[in-house]
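Undergrad: For reference, the chains in residue letters:
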Amino acid sequence: MSLATAALRRPATPAGPSLEPAPHIELVPPAAGRRARPRVLYAGVVVGGLGALMLSQLLLSIALSDGAYTIDALQTERKEQARAVQQLTEDLGRLSSPQNLAANAEALGMVQNTNPVWLRMSDGAVIGTPAPAAGAGVLAASGSQVANDLLTGVPLVTVPAAGAEGAQALPGQLGAPAPATPEQAAGTTAPAELPLLAAPTTR
Amino acid sequence: MTRRRSRRRIAASALALLAVLAVFLVRLIDIQVVHADSLNAEAEDKRSIPQTIMGVRGDIYDSTGVLLAQSVLRYDITASPRTAVKSEVTPQQAAEQIAPITGQKPEELVAAIQSAVEKDPDSDFAYLSKAVDAAAFEQIRDLEIPWVYYQAKPARVYPNGAVAGNLVGFVGSENQAQAGIELSEDECLAGEDGSEVYERSADGVRIPGSTIVTQEAVNGDDIVLTIDSDLQWFTQQTLATYAQRWEAAWGTVVVQEVETGRLLAVADYPTVDPNNVSATADVDVSSLGSRAFTAPFEPGSTFKTLTAASLLDAGLATPNSEVVAPYRFTTPEGADVNDSTRHETWNLTLTGVLKESSNTGLAQLGLLMTRQQRYEYMQRFGFGARTEVGFGGEEGGDLNGGPDSWDAQTNLTTMFGQGLTVTAVQMASAYQAIGNEGVRMPVSLVQGCRAPDGTITDAPPTEGTRVISEQAARQTVDMLENVAGKGWLASQIEIPGYRLATKTGTAQHADGSGGYASTYIVSLAGLAPADDPKYVVSVTLADPVKMNTSGAAAPVFREIMTQVLKQYAVVPSGTSSPDLATNY
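The listed protein sequences correspond, in order, to chains A and B.
Mapping of the first sequence onto the working numbering: position 196 corresponds to residue 422, and the numbering continues sequentially without gaps.
Mapping of the second sequence onto the working numbering: position 75 corresponds to residue 56, and the numbering continues sequentially without gaps.
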């Protein structure tokens, strides 16, 4: 009680010394029957509550640590997958390099025509003089002049197919000698020592 | 009596409590204050694992989205030698399994372990193999050799090899930028490593919620070039083929877009494969960069175009201006120039001077302009200063100190490209200005630094500057068309259906002591299609032994320009070149 409220109350009580006798204070005997039961109940609730708490904490930590193992396993898996992605990206990069594409295209018998001819859509006029591509291709004359160390050991697509399927699919076009492959130009290491890429089977 | 006893009991237990509390307090201070540091460190060592989060270096792309430089992870395979020698998997057994995967010899691996143990029996670290790729790493890991460990480290691969290797540059063994764009744009590309700390259980599993990132990793941004990698490959292949055929010491080809000033291809021969720098570095260190930017040379007659264009712009000449061109021309000051071959005196127009590439004719016309005026035109064409690209080690060329320090002889020779030096890129850029109706665009090699959200920063300037008038530019192109169509190389550079505007140059090499050596730098610069110039191709070959005329550059020019016109689907001209008089 604060002083302020005490001051307000004072006038309500009779002033001057009290004439009443001191109040008689006496212990009330405990009501044994009424109190005994609640004590057991409370104890039970508390102990039970504690038990439930501990049990749930145990379960929670089991679940958590189990989750930790799952997370760990998943993270490891993600790392593996990321590695696989990286490897495939690297393979794709080197296989789609112009050196590799040109070497493969020419191995398949494609040469580039240095005489562009245009068909004008408006009047159907042919601009330029159509002429068959001269020469054996950009690479055939001098081999690949643009090094790419990553292509070391990467075989040309036609090499495995040259004997059987390729000859049927492309009759008469494989007579030309195989051009210098990039690995011959750049190669210092024997191809067998490096992990070989599987030859793509795209047709 | 009972009261006293209970008071004593209370006091005793209070004392006991205080004593216990005091003991706790002392111990608390002991742990938390006195031994705090050492205990913390001990605890950290036991459970807490610091780890570097790698900030990945940005990639480099060409203008079409082709990846030119890529960040990858490589793995160092290490071993604990002291464990190895005691292990049941002997170094010999392990080496025989690992060697075929890494391409080493088993003896090398055994020797690495043995020598480490011999030096220090307690040796706990030795490299077995450095920077193996992911496939090899997985194979080695699956061998489950108990004393072999791995360290992932960032590395760089260049999927297209030497395609644009001269421009992209390369990084060192610790991924530090060393050359080219890798070096000059390092600020954009470089990532910043972060760090984290986590706690781990006895069986090596990360304790959930224990990870604290102490420093966030910052990944680098990507660089986008103006180069087209397909064209760049074709240009390099063609240049190298002819450079070898003519046995040239070196050569460059620059392909530039007229409208924007963007470099579409900058080829160098010889050049570097950034995947295997040592292959070039061991033979020729000077071929690790791009000579097109870094090697100024005396250009010779390709420079005549610019002197002629300046004369037209200044109103001092027209394509039909007449001049009597003898074999030798001498000025009153005693300077003399002569043409490359003996000939009778010719009556030439300015167009004819360019077609015959007459030094004496041009020298007489060039004297119509003051040297100061000519020097200012040179500067506006971009000579004498580095281009806007700012390539690593780029040179600005040397205009021989400016007009005040030119002697009478230099005053004449600078008209036809001797006695001054330019870079191949500067020369292409000057022709770009002529092709672009007289407006020189800033040369650009990098489109900018691209953040993950696609925004581009550090974009190069795009504001052009007028060098000569539109009319002077058009007249210059017309004259060059007559050079291309009537000159001695006409049949060798012809591209059916397209009008070309070209000029050749065969310049003597300076011998380094004020005179000229007997070797030449041959070049050919040109624009196509001449009716509306879209592309510049400038070819330079140094000291071609087998053919020391600009004829050596002709097939290179023709093949590359054909490829450019084809690749960018330039519609054939459909008109014929204007016919200007070359003689009178």
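Just so you know, the hints here were simulated from the structure itself, not pulled from any lab data.
The beta-carbon is built from N, C-alpha and C at its ideal position, and this holds for glycine as well.
Some clues are possibly wrong.
Said to hold, decoys possible - From the structure, some residues in chain A lie toward chain B, with a derived Cβ separation under 8 Å:
1) R320
2) G354
3) P358
4) A373
To be verified - Not close to chain B: a few residues of chain A, all C-beta gaps over 12 Å, as computed:
5) L253
6) L267
7) Y268
8) G270
9) V273
10) L281
11) M336
12) I353
13) L382
Undergrad: Taking the hints in turn, state whether each one holds.
TA: Verification of the hints:
1. The interface hint given for R320 of chain A holds, since its Cβ lies 5 Å from the closest Cβ of chain B, which is under the 8 Å cut-off.
2. Taking 8 Å as the C-beta contact cut-off toward chain B, the hint placing G354 of chain A at the interface holds, the least distance being around 5 Å.
3. Given hint, P358 of chain A at the interface with chain B, is violated; its Cβ is 14 Å from that chain's nearest Cβ, farther than 8 Å.
4. A distance limit of 8 Å between C-beta atoms decides the matter here; for A373 of chain A the minimum to chain B is near 4 Å, and the interface restraint holds.
5. For L253 of chain A, the non-interface assignment is confirmed: its Cβ lies about 18 Å from the closest Cβ of chain B, beyond the 12 Å cut-off.
6. Chain B leaves L267 of chain A outside its interface by the beta-carbon criterion, the shortest separation being 31 Å against a cut-off of 12 Å.
7. Every beta carbon of chain B lies more than 12 Å from that of Y268 of chain A, the smallest distance being close to 27 Å; the non-interface claim holds.
8. Residue-level check passed: G270 of chain A sits 30 Å from the nearest beta carbon of chain B, beyond 12 Å.
9. With a least CB separation of 27 Å from chain B, V273 of chain A remains clear of the 12 Å interface cut-off, as annotated.
10. Chain B leaves L281 of chain A outside its interface by the beta-carbon criterion, the shortest separation being 20 Å against a cut-off of 12 Å.
11. For M336 of chain A, the requirement that its beta carbon stay farther than 12 Å from each beta carbon of chain B is met, with the minimum near 14 Å.
12. Look at I353 of chain A: its CB is around 5 Å from the nearest CB on chain B, not clear of 12 Å, so calling it non-interface is violated.
13. With 12 Å as the threshold on Cβ separation, the claim that L382 of chain A sits away from chain B holds: the shortest Cβ distance comes to roughly 16 Å.
The structure fails hints 3 and 12 (numbered hints given earlier, in ascending order).
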